[in-house]
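Participant: Hey, can you work out the whole structure from these sequences and the hints?
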Amino acid sequence: MAFLKILFDNLREGPATEAFPFGEAATPDAYRGKVTFDETNCVGCNMCEHVCAGGAIRFSEKEDGLHFLIWHNTCISCGLCAHYCPTKAIKLSNDWHLSHLQEEKYEQVDHAVVPYRHCTSCGERLQPGGPMLHQLAFKGTNPRSQRLMNMCPDCRRKASYSGEAL
Amino acid sequence: MDFFSKAARKSPWLYRINAGSCNGCDVELATTACIPRYDVERLGCQYCGSPKHADIVLITGPLTARVKDKVLRVYNEIPDPKVTVAVGICPISGGVFRESYAIEGPIDRYLPVDVNVPGCPPRPQAIIEGIAKAIEIWAKRA
Ligand code: SF4
Ligand code: SF4
Ligand code: SF4
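Note that the protein sequences, when read in sequence, are chains W and V. Quick note, this note's numbering runs 893 ahead of the 1-based positions in the first sequence. Quick note, this note's numbering runs 4 ahead of the 1-based positions in the second sequence.
These are calculated hints, taken from the structure and not from any lab test. Glycine included, every Cβ here is placed at the ideal spot set by N, Cα and C. Any given hint could turn out to be false.
Coverage of chain W stretches by chain V, computed from C-beta distances (three or more under 8 Å per stretch; other residues unrestricted) [claimed, not checked]:
#1 902-914
#2 945-952
#3 967-973
#4 981-991
BS3-like cross-link-like pairs, simulated, lysine-lysine; straight-line CA separation at most 25 Å [said to hold, decoys possible]:
#5 W:Lys998 to V:Lys72
#6 V:Lys74 to V:Lys56
#7 V:Lys56 to V:Lys144
#8 W:Lys998 to V:Lys137
#9 V:Lys137 to V:Lys14
#10 V:Lys86 to V:Lys56
#11 W:Lys998 to V:Lys144
#12 V:Lys72 to V:Lys14
#13 V:Lys56 to V:Lys10
#14 V:Lys72 to V:Lys56
#15 V:Lys137 to W:Lys927
#16 W:Lys955 to W:Lys981
#17 W:Lys998 to V:Lys86
#18 V:Lys144 to V:Lys14
#19 V:Lys144 to V:Lys86
Facilitator: Structure representation (structure tokens):
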């Protein structure tokens, strides 16, 4: 008689089969899908490239900044990049609609440029650094830290020593 | 015969080739067919056991050097026209095994691929999405 209970449950709760592809599929928020990259917070530490298990991430230094490249077709969604990124500039979204036709195989790429900064005092080229790095390094912001942040180490030392940055 | 080809257009048969996969993708392929929650057969297709009966072929794995000839032999057994789906990043790019001495892939060096379903492994819904794309191609080709 156990089947009567199953029959009753089925009538009450509806089919167990998910509607997809004729409707939406439930996706947990924490599902590890397509990688997203936020160039405003990346500090160019290259850690994500270093730990990337699938070799999906490439950084190259160009005139205008660091060029970030990811090929989603070799990303294994392991989440190592997001785990080790100090500023959480790289994350895994829960987007899993990645299937595509063969013609689009090499278009499954995201590219971004992380611009270099320049020392506000002498103009020397600096590694990128966004507001998130500022938060992390100084545990909050104030005008002094903001000023020092955008200087090269030499100018920062001089400014601190002379007291002009106080 | 006309009746049969019309019916075949609507109900392609799926066939699965493992080209040296870690089994992750194969488990997800079994899931799409065997678990009522996903049930790929709603799309009018079903898995078959012989390459001679197949219309849509799903390939997993990075095409290891050891299995390459066997995979190509089975693939050539499948009658034309057929639609080829690469499931998982292994057949698409080699994935974590890319540039290994033991790998002959990516699979499109040897076979004409039509649809790619990336993921390691892709979730069952993503595989169903890829199969739906393959069925569209199949309807035009059959
Ligand atoms: S999720 Fe893993 S494989 Fe994908 S980009 Fe990040 S580190 Fe690389
Ligand atoms: S995305 Fe994160 S880990 Fe990668 S280089 Fe930028 S800051 Fe470093
Ligand atoms: S794509 Fe990932 S899960 Fe699928 S066979 Fe390759 S390594 Fe295994």
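Participant: Now tell me, hint by hint, if it's right for this structure.
Facilitator: Status of the hints after comparison with the structure:
{"no.": "1", "hint": "902-914", "verdict": "holds (count 5)"}
{"no.": "2", "hint": "945-952", "verdict": "holds (count 3)"}
{"no.": "3", "hint": "967-973", "verdict": "holds (count 5)"}
{"no.": "4", "hint": "981-991", "verdict": "holds (count 3)"}
{"no.": "5", "hint": "W:Lys998 to V:Lys72", "verdict": "22 Å, holds"}
{"no.": "6", "hint": "V:Lys74 to V:Lys56", "verdict": "15 Å, holds"}
{"no.": "7", "hint": "V:Lys56 to V:Lys144", "verdict": "20 Å, holds"}
{"no.": "8", "hint": "W:Lys998 to V:Lys137", "verdict": "14 Å, holds"}
{"no.": "9", "hint": "V:Lys137 to V:Lys14", "verdict": "13 Å, holds"}
{"no.": "10", "hint": "V:Lys86 to V:Lys56", "verdict": "11 Å, holds"}
{"no.": "11", "hint": "W:Lys998 to V:Lys144", "verdict": "21 Å, holds"}
{"no.": "12", "hint": "V:Lys72 to V:Lys14", "verdict": "32 Å, violated"}
{"no.": "13", "hint": "V:Lys56 to V:Lys10", "verdict": "19 Å, holds"}
{"no.": "14", "hint": "V:Lys72 to V:Lys56", "verdict": "19 Å, holds"}
{"no.": "15", "hint": "V:Lys137 to W:Lys927", "verdict": "20 Å, holds"}
{"no.": "16", "hint": "W:Lys955 to W:Lys981", "verdict": "23 Å, holds"}
{"no.": "17", "hint": "W:Lys998 to V:Lys86", "verdict": "19 Å, holds"}
{"no.": "18", "hint": "V:Lys144 to V:Lys14", "verdict": "11 Å, holds"}
{"no.": "19", "hint": "V:Lys144 to V:Lys86", "verdict": "11 Å, holds"}
In summary, the structure is inconsistent with hint 12 from the numbered list given earlier, while agreeing with all the others.
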